[in-house]
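Protein sequences appear in the order of chains A and B.
Numbering follows this note's numbering, in which position 6 of the first sequence is assigned residue number 6; successive positions increment by one, without gaps.
Numbering follows this note's numbering, in which position 41 of the second sequence is assigned residue number 41; successive positions increment by one, without gaps.
Treat the hints as calculated values from the structure; they're not laboratory data.
Note that the coordinates shown come from a computational prediction; the quantities given were computed from them, not determined experimentally.
A hint or two may mislead.
[What the hints assert, rightly or not] Some chain B residues judged to face chain A by a derived CB distance under 8 Å, without partners named: (1) 42; (2) 43; (3) 48; (4) 52; (5) 53; (6) 89; (7) 99; (8) 100; (9) 101; (10) 106.
For glycine and all other residues, C-beta sits at the position ideal for the given N, C-alpha and C.
Here is what each chain is made of, one letter per residue.
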Amino acid sequence: DSGVTQTPKHLITATGQRVTLRCSPRSGDLSVYWYQQSLDQGLQFLIQYYNGEERAKGNILERFSAQQFPDLHSELNLSSLELGDSALYFCASSAPLAGGAFQETQYFGPGTRLLVL
Amino acid sequence: GNSVTQMEGPVTLSEEAFLTINCTYTATGYPSLFWYVQYPGEGLQLLLKATKADDKGSNKGFEATYRKETTSFHLEKGSVQVSDSAVYFCALSTGPWGAQKLVFGQGTRLTINP
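I would like the entire structure built from these sequences, with the hints used as guidance.
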């Protein structure tokens, strides 16, 4: 158990719908990352937050958005869902270092499996 | 750009066999390198890491050495067990200070037969 929690574990929805995935980082971690794992694209970085502030953006679609709240949990919002959005979505967190930096080692949650029908 | 290439899978071995999973990378600068493992139905677990050239990461009998001259980070284990069956991902950490992310290889599925 990495200490990173994600809910829900599974999500089944229809095309055109909107869903919210939730992540709680390990206790004390300030950085949260979102990744998408799909059969055709592999594991891809989506977005990173540090203490509520967006720090890095990857191949995240405009239909997707995320935020990190004051209690440090994060939510990934996926809207206007398409069949191709079906994937496993992982959240990860990493520990802070002095001076606003953070450790490179990321600890992953169990993932949310999204199926769009 | 930065990228990671792993050997094609799937890899099937018998118990107690020697394992090598090749990983090479392309990166600017000197990234940290990682191996993660994903057991069936679970998330990614950090297996080992190395942060600079010639560092050797090791854990649970697995080892990998950061080779700058060959830009490689091959995963090895001397004697595999059935419980090692999983998907293995090589990754590097990249990005400017304060905005690092992991770039993963495509993963190698390993099956160990008793």
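Each hint tested on the structure:
no.	hint	verdict
1	42	holds, 6 Å
2	43	holds, 4 Å
3	48	violated, 10 Å
4	52	violated, 12 Å
5	53	violated, 16 Å
6	89	holds, 7 Å
7	99	holds, 4 Å
8	100	holds, 6 Å
9	101	holds, 4 Å
10	106	holds, 5 Å
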